[in-house]
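With the hints as constraints, model all of the structure from the sequences given.
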Amino acid sequence: MNATLHDNKLTPPLLEMRQVTQTYMLSRKTLLGARPSLTVLDNVSFDVRPGEAVGLVGESGSGKTTLTRILTGMEKPREGHVFYNGADVWAGDAERWRNFRRSVQVVMQSPRSSLDPRMRIGLSLLEPLRALKIEGDHVARVHEVLDQVGMTRQALERYPHEFSGGQLQRIAIARALMPAPKVLIADEPVSALDVSIQAQVLNLLKDLVNELGLSLVFIAHDLSVVAYTTSRVSVMSAGKIVEVGKPMDLFTRPQAEATRNLVGAILTVEAGLAGNALG
Amino acid sequence: MTQTNPGRANALEVRNLVVHNSALTAVRGLDFTLPAGGRMGLVGESGSGKTLTALSLMGLLPMGWQANGSVLHDGVDLVTQSDKALSSRRGRTISMVFQDPLSSLDPVRRIGFQVSSVIRRHTQASQQEADRQTLELFRQMSLPRPEQLMRAYPHEISGGQRQRIMIAMALACYPQLIIADEPTTALDVTVQKQVLRLLNNAVQERGCALMMITHDLPIIAAMCDMVAVMYAGRIVEIGPVAEVFRTPRHHYTKGLLDSQPTMDNIALDGSSRLASIPGMVPPLQSLPKGCAFHPRCAAATEKCRTTIPTLEGDQRRAACWHPLGAEAAADAEVKAQ
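Protein chains in written order, with my numbering: chain X, 259 to 537; chain E, 206 to 542.
Don't take each hint at face value.
Distance condition first, Cα-Cα at most 20 Å in a straight line; then the derived EDC-like pairs of lysine to aspartate or glutamate [claimed, not checked]: (1) X:K287 <-> E:D393; (2) X:K334 <-> X:D300; (3) X:K498 <-> X:E337; (4) X:K504 <-> X:E337; (5) E:K459 <-> X:E337; (6) X:K498 <-> E:D393.
Keep in mind the hints are simulated off the structure, nothing from the lab.
Nothing here was measured: the structure is a model prediction, and the numbers come from that model.
As structure tokens, then:
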């Protein structure tokens with residue numbers, strides 16, 4: 259595994275996983291045999307610094323989603339540690355855990371399935387504050403967050419089915435911002451959206467990083483989308499991080515085979531018109 | 206088995222196609238011609254009517270939806286055909302490849318049986334003969350271990366392999382036209398190219414026409430020679446792919462092209478911003494008056510707000526009152542004189 263590329267060696271990582279190995283037990287294949295296991299993550303280290311946007315790319319099955327689940331505390335790693343602000347999140351007290359859960363928020367691929375269809379948007383936005391027992395002026399916070407994602411207040415009284423996919427993704431981002439997180443993890447946030455809307459959401463994520471000083475972990479299968487949003491990209495393949503680099507370096511000098519495959523998979527309009535896109 | 210009928214000049218002639226249900230009109234008057242062996246890309250976002258267009262050609266519209274206008278194919282008007290007549294065409298003269306192969310394959314039947322039954326339905330072939338042809342199709346689709354695959358169930362193989370099976374099934378009876386609706390959207394990026402290449406070669410070898418429906422412009426550029434850009438149920442621009450993509454005339458086409466993140470426009474130092482089309486696709490219930498794109502268009506004027514632009518031109522048509530490049534073209538004309 260390559261050493262992680264540090265733009266700024268002085269800043270310690272805000273969120274970090276160190277040498278994490280995750281295995282799942284499978285069902286028995288024979289009556290008396292041992293249960294086989296599947297190693298999904300193999301000694302993976304990954305980190306993001308304050309205000310930094312990092313990307314994670316890989317084919318499906320490479321372990322991206324498991325890495326996300328461990329980074330957000332949804333799964334406990336079998337081996338290795340997750341650190342938030344330098345403290346091991348699985349080895350602390352309830353207060354440390356609460357702080358971690360509050361500070362690391364997720365945006366999922368499909369906003370339609372991550373918002374409760376029977377809940378008005380306003381209530382959905384308040385959910386994280388209720389769940390995390392955060393005090394304060396909730397109404398003011400809702401309005402502030404809606405402004406940040408460019409939605410109007412009329413949205414609060416409406417239901418998810420009244421919105422388009424792009425608007426719902428803004429709402430999902432707004433909900434993730436509600437508890438004022440320090441790290442935003444976006445798992446394929448634009449792949450379910452229309453082309454003309456994708457650019458809007460990508461620009462929004464970029465603005466949030468710049469204006470709020472958020473750290474962003476952007477997970478996708480499309481290298482060009484990740485390159486647009488982040489300044490450092492890790493490439494995953496078969497449960498390992500096989501290459502880390504700046505987007506431009508990955509495009510122009512891909513080292514690992516998985517990176518070459520991903521770069522080779524990119525289709526462009528120009529290559530298509532030139533007739534050598536499928537070559 | 207015979208090759209496609211070379212006597213007919215066009216695989217598809219669509220005239221004033223309208224698709225509606227009791228409350229909404231999703232496709233509002235399409236006109237285009239797809240020559241035999243031609244390749245047309247239909248681009249649009251969700252809600253543009255591209256999928257309903259395809260389904261209406263196949264006679265597979267969802268309950269309550271109805272098509273009007275005329276669609277000439279193989280000497281008949283598909284719009285007026287009975288369900289039975291259409292059913293005998295599906296898989297024989299027109300076939301379709303859908304987005305999600307897992308939901309289009311029967312989970313409890315072996316793959317070989319599913320493909321061979323398409324052949325048996327439309328030809329006189331015996332089961333052995335159909336099986337032999339199925340195996341041959343699997344080989345053409347570069348599927349690994351074709352003999353074993355015959356006896357496999359859909360859940361046992363990968364997504365890319367499933368989609369190759371779907372393409373094999375679509376090709377089985379040498380159709381004149383294949384409609385592919387987002388055939389690689391559900392696949393992993395790294396297998397997308399392979400599936401496209403196989404589809405491309407198969408279509409080329411058989412000389413059948415292809416209608417490629419997708420929101421992905423690079424796929425159209427790679428696979429098609431014509432492109433029709435749809436917005437809110439109408440074609441807003443149509444013409445040869447290279448011309449439309451290199452010098453778009455409609456502002457929507459230009460917007461779509463500009464919002465693609467590519468290696469050229471992302472600058473890769475984090476400073477750049479993608480051009481994005483403001484606003485969103487209008488819902489069918491409340492389409493704006495005049496040009497449906499005007500609320501999102503920077504060049505919109507009073508005329509755009511009141512009058513729907515028509516598709517002007519011959520080979521290359523755009524429905525816009527203020528087409529891009531019009532001034533440059535006028536200048537060139539003046540200079541030429």
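K459 (chain E) and E337 (chain X): Cα distance at most 20 Å?
Judged against 20 Å, a Cα distance of about 51 Å means the pair is violated.
Given the proposed pairing of K504 (chain X) with E337 (chain X), does the C-alpha separation stay at or below 20 Å?
With Cα atoms ~28 Å apart, K504 (chain X) and E337 (chain X) exceed 20 Å; violated.
Can you confirm whether the C-alpha distance between K498 (chain X) and E337 (chain X) stays at or below 20 Å?
holds (14 Å)
Satisfaction of hint between D300 (chain X) and K334 (chain X), Cα-Cα up to 20 Å
Satisfied, since the Cα-Cα distance of roughly 14 Å is no more than 20 Å.
For the pair we were handed, K287 (chain X) and D393 (chain E), check the Cα-Cα distance against 20 Å.
Measuring from Cα to Cα gives roughly 29 Å; hence the hint is violated.
Against the 20 Å threshold, does the CA-CA distance of K498 (chain X) and D393 (chain E) hold or violate the hint?
With Cα atoms ~18 Å apart, K498 (chain X) and D393 (chain E) stay inside 20 Å; holds.
In this structure, the hints that do not hold are numbers 1, 4, 5, in rising order.
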